[in-house]
Amino acid sequence: MGDLFVTLTLAKALQVVLLGVIGGVLSGFIGSGGAFFMTPGMMNLGVQGIIAVGTNITHKFGKAMVGSRKHGELGHVDKKLGIFMLITAFLGIRIAVWISSSLFGMSDSHAATGAAANLYISVVFVVMLSFVSATMILDVLRRRTEGDSGPSKRISDYLSRLRLFPMIYFPVADVEISLWVLLTVGLFTGYMAGTIGVGGFVGVPAMIYIFGIPTAVAAGTELFLAMFMGAFGALSYAYEGFVDIRLVALLYLGSLLGIYIGTYGTKVVKEQIIRIVTGFIILLCVISRLIAVPIYLVQLKMIDFIDESYLPLLNTISKYFLYISGIGGVGIILYNVVAAYIRKKRVYATIITKT
Amino acid sequence: MQIICISRGSQSRGKEFAENLATKLGYDCLSREQLLEEASNRRIPVGKLETAIIKPHIYSEKLALELEHYKALATSILCEKALNSNVVYHGRTGHLLLPGITHILKLRVVSETENRIESVMTKLQLPRDKARRYLEQVDDDRRKWVKTFYNIDWAEFTLYDLIVNLSHVNVNNAASAICSMAQLPEFQATPASINALRDLYLTSKARLLLFSDRRTSSLNIKIKANDGILYITYPVQQAENIEVINEVLKSLDDAKEIVYTKAQTNVLWIQEKFSADDNSYKAVLSLANTWDAAVELLKLIPHKEQEIMPTPEKSDTPVPETWRETGIIDEDEELGPETSEDMSKIYEWLIRDGRAGGKKTVTGPQKTLLDSIDRSANYRLIIFDNTFLSKQSAARKRSLQEWSNSLAEAMKIPVVTVDELQFKYQFKPKQFVHMFLFGVITALIIYFIFQFNSQIIEFLSNSDTKMRIISTVCILIFVPVFAHLYSTVTGLFLKLIKFE
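Line by line, the protein sequences are chains A and B.
Last residue of the first sequence: number 355 in this note's numbering, and the count goes up by one each step with no gaps.
Last residue of the second sequence: number 500 in this note's numbering, and the count goes up by one each step with no gaps.
Bound-form chain A, shown alone (with noise of 0.2 Å):
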């Protein structure tokens, strides 16, 4: 088994390193998320795709207990919403590691060790994000020609008008959620979580969009929900020997520092513009991992009219890809922190009039 995991260079560690701080700033600007670019990071670096989420998913429980002590301390937390999305989300997460480690030891070749594991990741991957992606901008889009910034409540005031018995009230978030759609959420957020590593980008929109809860509980909740199921994801990927604890150290050494200047970044730009530009970057990562799709595909023999030596440049192809979509999207955030570290510095800053 000790073959499954990577051979560490120095160069190899540093690219680690550099997509903790991409993911970091990613996570610390958007919210949530960072691993829909951390997993597929790894996964071009030679990681296999289990490895990466279940180190990822190991990351996430480290980093989201820092985070959620943080917003508890605000009081963005609902506590009790957490609880009943975590009943599900726990039964989500096995479901996950259950598909994910029966399609891993599928494979009947060296050459296709994990390729099935990794298909099936990367396919849920471009679905699931492809929607995300597009809902975001479309929908942000749409907000802009109204005059209106604020995020759609058409699903939760759709949902709450058909009242599914028992509606459960929540008291600091201020919502009434029918259980049957708050289990529904959990359950898929769990499976997500566990899936590709990024719970986050399922809980906060569903939180948002269908129960209706403002964006800071939206997030604090989530964190507080990630600490638990990251505790148990590691748990089960660890115990299966699919978690890389070196990778989960020197991702912790980029991201940690690159979640200060992704928070410092959503101070100083619109909320239009976090929202477009998360939207691109997500579907930049989905177009990155969709060209890698194939090398699973021709290595598991499913189709044979591309060449195998054609695989090293896919892979190449769907890296750069990714690359250019995380460091395009840090360099707007790092624009607009430098942009406004420049206008702190004018003398703008007070004028007096009519003295």
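Calculated from the structure, these hints are not laboratory results.
For glycine and all other residues, C-beta sits at the position ideal for the given N, C-alpha and C.
Just so you know, not all the hints are guaranteed correct.
If you anchor each label on the Cβ, the simulated ranges turn out as follows [what the hints assert, rightly or not]:
1. A:331 to B:43: 41 to 49 Å
2. B:443 to A:324: 29 to 37 Å
3. A:331 to B:444: 29 to 37 Å
4. A:338 to B:140: 45 to 53 Å
5. A:184 to B:253: 58 to 66 Å
6. B:289 to A:331: 21 to 29 Å
In silico contact screen, one side only, chain B against chain A (beta carbon under 7 Å); selected entries [unchecked claim]:
7. 453
8. 461
9. 468
10. 472
11. 475
12. 479
13. 482
14. 483
15. 487
16. 490
17. 494
Given chain A's structure and the hints, the job is docking chain B onto it.
Just chain B, lined up with the frame of chain A:
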């Protein structure tokens, strides 16, 4: 000028009571319905707002802006009326539109449920059950309105000076009784409360002007007036709109001057005595620069309730001097020249450094201080120090702690002294040692990862069940410990380079 605010429930005969009281006192009578009519004339979608508050899932940012627009309009009309004449206002907790105005007589008019049900049955021709449900629905809608508007429960009795139950007393007699109460000195305008009312009027007029211009109607800026000076605090993203804001506000003749401060958040600095020659200013400025915050100065002259509220022997006694000691006052008027000059000097420094967020003086008990703080301002921290100077050291410390606790509870934000500020929010040598130590441990862990690369892989990929359990436990212990160590290092490092 006197202000009487009546909060009335549906079918509680509050309107009849308010009109009767206004006639008896010879005051103007203003109703919520008149405010709504004026709002409709200004194309504020009042009906949509009411629906959005009752059904929060259709509440949007656009409606939140309209709500602020309505609030500014209602405050402006109320202030204008109250500055020109005596007024009786009846509606839903109208006194909450006038924070910091100490002389309002706040009444709640209620009636027994059975009487209200009968009234609905007669007026709407409904059977008893439907009439009861109708009343419950209306009460719930009003509760939600007040909750959304002020984040307060309108049934909370401490919001009112008196609750009048019209089930047993008739409207005429109740109004007569309130006429006597209205003569009490606590409900007479003082120079301080009139000043506060003028400032509130100026603030609401400025807001209305900005709402009425398409270019500025949706800007996220904070406006407040103190002593005729208008303070505009805007986040860095809005810097490009300052010229437009300035142009729109030019027509505001009542403003002595307009001070613009670029800030993301606000810090409230409360002291009884501000000293212009100590290091406190440097500490507060350093924090304000790091957080990109505007600093609001509040000079507090604390008094106990009994010291400032003597009950006059006769209801028609002229206003005694002591009444002037409660409320928000002009700092040059009541205080010694030394303290006032020091506060002004510090304020001039804040303007010079682009961190001015307003200044005011409050004198009175704890409740007056709490009432005077603008809950809509985005305060991130309160610095509360150097107060209760007339007390002995131990008593001073205790009072400071008690008031700090109340402030923290009411405002839901940290309250610190200047010393605590320096310790908690600024970089100290001890924190440097902390950062260095944790940094070394982190570096050692990374070194071991490279040094024992193959052993780690072997340990992680062991297929023996016992070893798997051990490696899982090790991972679950290692991850949070490493995250804590390294997040402390990065947090302290960014604090050191003032990147927070």
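Worksheet item: What are the numbers of the hints that this structure violates, sorted from low to high?
Response: none
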